[in-house]
Structures are given as structure tokens and as C-alpha cells.
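2 protein chains.
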Amino acid sequence: MSPAMDTTNQAEPGALAGLRVVLCRTSHAGNIGGAARAMKVMGLSDLALVSPREFPSPEATARATGAADMLDRARVVATLDEAVADCVWVVGFTARDRVEGAPVVDVEDAAAEALAWAPRGPVAFVFGNERTGLENTELVTCNALARIPTTTSLSSLNLAAAVQVASYELRRQALRRGPVPAAATDAGDDETLASRQDLVALFDRVWKEVAASPRYRSDDQRVALLRARFEQLMVRAQPRRTEVRAVHGVLSWLGAARDR
Amino acid sequence: MSPAMDTTNQAEPGALAGLRVVLCRTSHAGNIGGAARAMKVMGLSDLALVSPREFPSPEATARATGAADMLDRARVVATLDEAVADCVWVVGFTARDRVEGAPVVDVEDAAAEALAWAPRGPVAFVFGNERTGLENTELVTCNALARIPTTTSLSSLNLAAAVQVASYELRRQALRRGPVPAAATDAGDDETLASRQDLVALFDRVWKEVAASPRYRSDDQRVALLRARFEQLMVRAQPRRTEVRAVHGVLSWLGAARDR
Chain S
234 MSPAMDTTNQ
244 AEPGALAGLR
254 VVLCRTSHAG
264 NIGGAARAMK
274 VMGLSDLALV
284 SPREFPSPEA
294 TARATGAADM
304 LDRARVVATL
314 DEAVADCVWV
324 VGFTARDRVE
334 GAPVVDVEDA
344 AAEALAWAPR
354 GPVAFVFGNE
364 RTGLENTELV
374 TCNALARIPT
384 TTSLSSLNLA
394 AAVQVASYEL
404 RRQALRRGPV
414 PAAATDAGDD
424 ETLASRQDLV
434 ALFDRVWKEV
444 AASPRYRSDD
454 QRVALLRARF
464 EQLMVRAQPR
474 RTEVRAVHGV
484 LSWLGAARDR
Chain E
234 MSPAMDTTNQ
244 AEPGALAGLR
254 VVLCRTSHAG
264 NIGGAARAMK
274 VMGLSDLALV
284 SPREFPSPEA
294 TARATGAADM
304 LDRARVVATL
314 DEAVADCVWV
324 VGFTARDRVE
334 GAPVVDVEDA
344 AAEALAWAPR
354 GPVAFVFGNE
364 RTGLENTELV
374 TCNALARIPT
384 TTSLSSLNLA
394 AAVQVASYEL
404 RRQALRRGPV
414 PAAATDAGDD
424 ETLASRQDLV
434 ALFDRVWKEV
444 AASPRYRSDD
454 QRVALLRARF
464 EQLMVRAQPR
474 RTEVRAVHGV
484 LSWLGAARDR
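Protein sequence lines, in the order shown, are assigned to chains S and E.
For what it's worth, the numbering used here labels the leading residue of the first sequence as 234, then goes sequentially.
For what it's worth, the numbering used here labels the leading residue of the second sequence as 234, then goes sequentially.
Pulled out of the complex, with its shape left as it was, chain S reads as follows:
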């Protein structure tokens, strides 16, 4: 029976501005509208859609009630990598407890971590298809995986409802934190985090060079496994930009050694 917290007439928490919601391969256009409304009431405004089955759609507009502007501004892209290219932290939502050994944290902890990264650059919360969730290629794009705690007898939330819970959790915690100190947003260049785009460029280079090896065969399962593990390791390490440059440097040296 804690005292009431007056959350009315407060300034919008600045931390919410850098938060993006990405919906991947959404089947039901109505859910896009519902998600847009769910975000807007919680003060989120950045929506990206990866290959939606139908969009724009009258059903999305109907469900968006009051949030049609969100749909007008929504960015439609072909892949998750495009949607999160500029992001420094990407959280994928899953209904599963564990994904390929990677830990899945509670939405409450995922929101706390996302708000901690937010001053460093854009942060994305990513939701998969209503029936099939996120694909493996999308899961390995994510720095962290999160789930919404549900009962065991029915563990699948409606997509718009999941976006509502995640957006609420972000807002709840952002309001508790109060304003973000300006200093935190102004880390030195050495501390600038690599964006997804930086990592994709690095991966492209590594595998292009690997493919140039005379031993390389495109159907080699070991290379595919190596690739998945290497990329996951890098994603989880969440490197600084200077560190990505260091890996590029190593690659250049290796290339020079090979070409000699």
C-alpha cells in the first residue's frame, strides 16, 4: 500500500524517444494497427515493419484509433537488419524459455537494460510473426532475448497485447527513472557503440574473405556453424566502434599476409 505515484502531467520521459518497435512478417494487418495504438499511448513513436503481409491496410487503420499518424510514419523494410541498422541494442521477443542455449530474460529486466543502453543510440524491441515468432536469422541479430511471463496453460499473447505490455513496461520504468542526465548521452568517440550496420559490414567482409579461400565449399556445414557462432559471439559482446575497427585491422593484416 505504497503512496500513489502521481504520473499525470509529467513531462514525457526523454528515454522513450530512442526506442523503436519492429514487427517482423506480421500476418494480420489489424495487429499492426493495435500495436501502433499500444505504442502511442505509452509515448513511443518509432515503428518499423519488416515485410508485412498487408500494409497499408484498412484493418490496420481501423484498429489504430487515434494513432493513424504512427502508421503514416511507419517505415516498411525488407529485412530485420535494415530495420535495426542504426541500433546499438536489439531485443527479440520470444514465447520460449530458452533459444539455442541463449538466455531469455524477463521483459522487466529487458526493459531496464534497454533503457540503460538508450542514451548510447537507438534501441529496438523486435516481435516476430503471430504464429511462428522470430526466425533463426532474426534471433541471431538480437543482442538479447526477452519473454513476457505467462501462465503455462496459455503462453501466447496476441501480438498487439505483447507490444502493449512491453511498451507499458518501458514507460513505467522510464517514469521511475526520471530525466536522463545529459552527460550520459555524450560519451566520447572511443565509447561509441557499433551499430547493427557496423557489425553487418564486418560480417560481410569476414565471410567474403573466407569464401575466397581455396578450401571453402559453400555447402560446408562446418562453415555455416562457425559463422553462426562467430556472429553470435560478436553480437553478444556488443563491441564499441573502435573495437570493430580493430577487427577490420586484423583482417587487413591477415589479407596482406596471405597475399604476400
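The hints are simulated quantities; they were obtained by calculation from the structure and are not laboratory data.
Honestly, I wouldn't trust all of these hints.
Stated by the list, open to error - Stretch by stretch, here's where chain S covers chain E in the computed footprint (C-beta under 8 angstroms, at least three residues):
| # | region |
| --- | --- |
| 1 | 254-268 |
| 2 | 274-283 |
| 3 | 390-398 |
| 4 | 468-478 |
From the three backbone atoms N, C-alpha and C, an ideal C-beta is built for every residue, glycine too.
Using the hints, position chain E against chain S.
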């Protein structure tokens, strides 16, 4: 960046069993289905519907995906008083900041208080009509009023989304609290809280006796105001059953004095 809380494979928190959701005069049957699914994924199972416009309905069933059993079990009643007759604590949801001077607390605090009352008897979370919210007669039935913190530019959540957030908040806090100590559920009779039914019976008696007064006129605005204030006071005081009996005792003495 707190450590992940493992909320998987946990026993269902017992506190959720006594929590009821009441939807008043719902216009869109789809929202009833959405609310039922929102409750079930969070482990809530007690749904009551006050004068829904259309129920049962194919649209409700379609939106309930996996929670059709909730709709089968839902109790349909004519008034909020019937829906919460056995409740010891009733929380009404509103989009407004203040209602007739009564404080409106944040859903987070409302959930904490509801979970504190839950060991004493059924607790209800009440949601009004999609467009008009709760009526004044419904608002005065509630022991407390709660709101979901939203941005000022769009403050109205979809009904099913509001039920989703409230149910999530109850589950989140119930999981953090862990099991309810058995002792707390076994308060002595002196401590048994008056249910809504006990209060309604008391109010009925008071106003029947007031109406018997020769000075009473049914169109007297002062009596209506007196009634509203008296009932609100009693509701807010959340009396024990023994205290309600004491008020009945006082009324009996007054009646005996008058009849002498």
C-alpha cells in the same frame, strides 16, 4: 542491468486466484474476447460481464484464441453491485486524473494494494464502457480508482489492452511476492472484511429508514447528496463485518427510540 529473473516453470502465484476482472457495458464483443485472452495468459480466470451489448458473440470467440473456456465460464450480470457482491476490494479504472475529488492511483500501486487485500477475499478490477468509461453509480461502488499512465497526446487504451496491462502488472508483482503465507488467509472472524453485499444491505436499510421519515421527500437533492457522501465514506473506510454489524446495532437503537 539486473540479473535475469527466471519466471519460467514457476508455480502459478496463488494470489491471482482471487482476482476478478469485471467489464461493464462493453460495446464491442471483440474486446470481451481480447480481454479474456489477456487475462488467461497472465493466469487470471474470473471474468464477469455487466450488461454487455452482445454476448455470447462469434467476434468475442474469435478474439479469445485459446481462451474460449474463459468465455464459457464468464458470469453475465445486470449490475456492477451483483458482479462484486462478494468482493472485499473493488478497483475502478478510469482515464481521468481525478474523479470528483477522489484520488486516482497508478495501476502499479493499485495492483500492490489489490494483492495485499486478496488474501482477505475476492478482489475486482473494473473496466467501463469503451467510450464513456464507468458511470458515476459504478465509480462510487469502487474502493479505489486507478489509471494506466499514458502520454497526454493519446490517453485512451483499447479496452483489451488495458485489461492486458492490468493483468500483467498483477502477475508481475505476484511473481515477485512469491507464495502467500497461509496465516494471512486465515484472519479471525473479527477481522473479516465486509463484502460489497454487506455494504449494500446496510445502505438499503439506512435509506429505507430515512425514507420512512415524515420529513423525507424523494426529490430532495440534499438527501441524494447526503446518500452519496455517506456511501462513499463507508466504502473508503472498508469496514470489517463486525463494524457493519455495529452500525446495524446503532440503527436498531435509533429505530427503537423513534418508535417508543
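Hints and how they fare:
For the region 254-268 of chain E, the proposed coverage by chain S is not satisfied: 1 residues have a C-beta within less than 8 angstroms of a C-beta in that chain, short of the threshold of three. For the region 274-283 of chain E, the proposed coverage by chain S is satisfied: 3 residues have a C-beta within less than 8 angstroms of a C-beta in that chain, meeting the threshold of three. Remark: the region 390-398 of chain E is confirmed as covered by chain S, as 6 of its residues place a Cβ nearer than 8 angstroms to a Cβ of that chain, reaching the required three. For a cut-off of 8 angstroms, the count of residues in the region 468-478 of chain E with a CB near a CB of chain S stands at 0, and the three-residue condition is violated.
Taken one by one, the earlier hints fail for this structure at numbers 1, 4, listed in ascending order.
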